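Following the hints, complete the assembly by docking chain B with the ligands onto the known chain A.
Below, each chain spelled out in residue letters.
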Amino acid sequence: MAALELSNISKNFGAIQALQDVSMKIEPGEVVGLMGDNGAGKSTLVKIIAGNFRPSAGDITIDGSHVEFHKPIDAQRKGVEIVYQDLALCNNLTAASNVYLGRELTAQIGPVKVLDYRTMFKRAGELFAELKSETRPRDMVKRMSGGQRQAVAIARTLLTQPKIVLMDEPTAAISVRQVAEVLNLIKRLRDQGIAIILISHRMPDVFTVADKITVLRRGRLVADKPVSKSSPEEVTGLITGAIEAA
Amino acid sequence: MSVTLEQAIDSRQHQNLLSWLTSRQVFWVFVAAVLACVALSLVTDTFATERNIFNVTRNFAFVGIIALGMTAVIASGGIDLSVGSTVVMSAMVTGVVMAAGMPFWVAALAAIGASLAIGAVNGLLIAYAGMPAFVVTLGMLSVARSLAMVLSDNKMIWEFGPDHDLLLWLGGGATFGIPHPLIAMVVLALATGFAFRWTRWGQHLFAVGGNEEAATLTGVPVKRIKLSVYMFSAFTAGVTGILMVGWLGGVTTNLGQAMELTVIAAAVIGGANLAGGIGSAFGAVVGALLIEVIRNSLILLGISTFWQGTFVGCFIVIAVTFDRIRNFRSSE
Ligand SMILES: Nc1ncnc2c1ncn2[C@@H]1O[C@H](COP(=O)(O)OP(=O)(O)OP(=O)(O)O)[C@@H](O)[C@H]1O
Ligand SMILES: [Mg+2]
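Chains A and B, in that order, give the protein sequences.
To convert, note that position 223 of the first sequence is 223 in the working numbering; the numbers rise steadily by one, no gaps.
To convert, note that position 136 of the second sequence is 1136 in the working numbering; the numbers rise steadily by one, no gaps.
In isolation and in its complexed conformation, chain A is listed as follows (with noise of 0.2 Å):
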């Protein structure tokens, strides 16, 4: 059974159809790579995913049922994390308070709920450690180096178990040893049998870890084949419009 399945997603933004009849299939353990120019609608594609937005059409299915999610917290209880294009951090707080907001852990103490800073320090910690990152949880985001926040960024999906993981450019502004490092997690977290989508322009990346290759073209899905039948010219071709469809 499908982690997850698009059917026939439309979204649009007032007069600009951002997305338009997109279907695709992603099963478990499967590293799909989502190509496209800017504003293809790559990320409005997994914003719709992940409970930012709602479609304007189309139906989204999870392991074989049908799913509406009003905001992010829905997604999440179904599975579903993402890794945000540029982070979406806050440079005002902390590691792990980054990691876990919108859903801090509290304990409840008389009538009041307190958050459990000891809790989410020690989980984030591990987290960070799992990653191999040096980031430590009660630093402040503001201070730390392109690779520390992609780790934030990342181990906020780990909090849970995940079934399907979006990330939306994660490679984008780090260094090579550190897009290898995404790289590998990508792949550690495919063979734990989640299903993840990748956004990335960098070809490299999409053809060192994708098992399968989607191209958006101006809101419409234009290519969904496996990697090992297409090429990085070809995807060139697909993402320009010089090869109109494969």
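What the hints contain is simulated information worked out from the structure, not anything from laboratory work.
All figures in this text were calculated on a predicted structure; none of them were measured in a lab.
Computed list of lysine-lysine pairs in DSS-like fashion (alpha-carbon distance at most 25 Å, straight line):
# : chain 1 : residue 1 : chain 2 : residue 2
1 : A       : 132       : A       : 122
2 : A       : 122       : A       : 163
3 : A       : 113       : B       : 1223
4 : A       : 163       : A       : 225
5 : A       : 71        : B       : 1223
6 : A       : 25        : A       : 163
Only chain B with the ligands this time, still in chain A's reference frame:
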């Protein structure tokens, strides 16, 4: 690996308490306020008198209470220019309801209710209609004061019905020698400080001020947080309004005029960043204290109070400059 997981989890960016303290603007403002107090007690024989200390603490409590609400607003990335008008609205409702023969608690509930309504209108327009906080609260500054005038028919109220003495005792009296407004401020400061640090509300408010886009994406209820923050600010202004009537023993429609500027100054001197995301309850209190100490010292030293604005203004600039320099250093 050289550091264990436990070390990483426990590690802080500052090695010890002292380096943490000295890196904070509010610490230096606190030092400045304490030094000013010490200097004044040495130079004048009027500062350290019981009477004067009583006045200083009571006066600064009024600004301090609202600075707590203002700090929440500023930390969430907003501004509330309507607090001075909310003060007069709350005071006027208290006066009118009590003068009509109602007991104090009814009047207090009505006053807080009116204040919360002002905050709710601000919050709804800002959070749900997406209007700029500056514009909305500037409008409310005008509207609320005008409504207070309509309510009172622009007459002074100084007779407060059956609970007259209770009201005056609450605002102007003291328990164990501590003026009641100061007690109210300390209680509110502790509650606010706790809420900032230990509740989701606090965490979310700072997240919204730090990066609203990120807060929205991660599912923080941004609109509700903004609404609550303006209601909180109005609440603090409402409490102050009630206490001020009791202290003054009367209400006129110019009560709280230009108070928003003093309150914003207190919050900013105390370390709240107008760009959002930074501020503390302790800072709000210390900022308010410093402003009152400046005002008081000018009076005691026989300097014209016209100079007050100059001193407060300089302190705002110095405090913010200090913060800039520190950030500049640490980013090198
Ligand atoms: N919240 C929004 N409101 C209005 N229009 C939007 C919104 N979000 C995206 N769009 C529009 O939808 C289209 C697709 O945007 P999207 O961010 O999905 O592109 P993308 O493929 O992620 O591009 P990039 O590679 O630059 O990240 C663009 O025309 C964009 O302007
Ligand atoms: Mg994008």
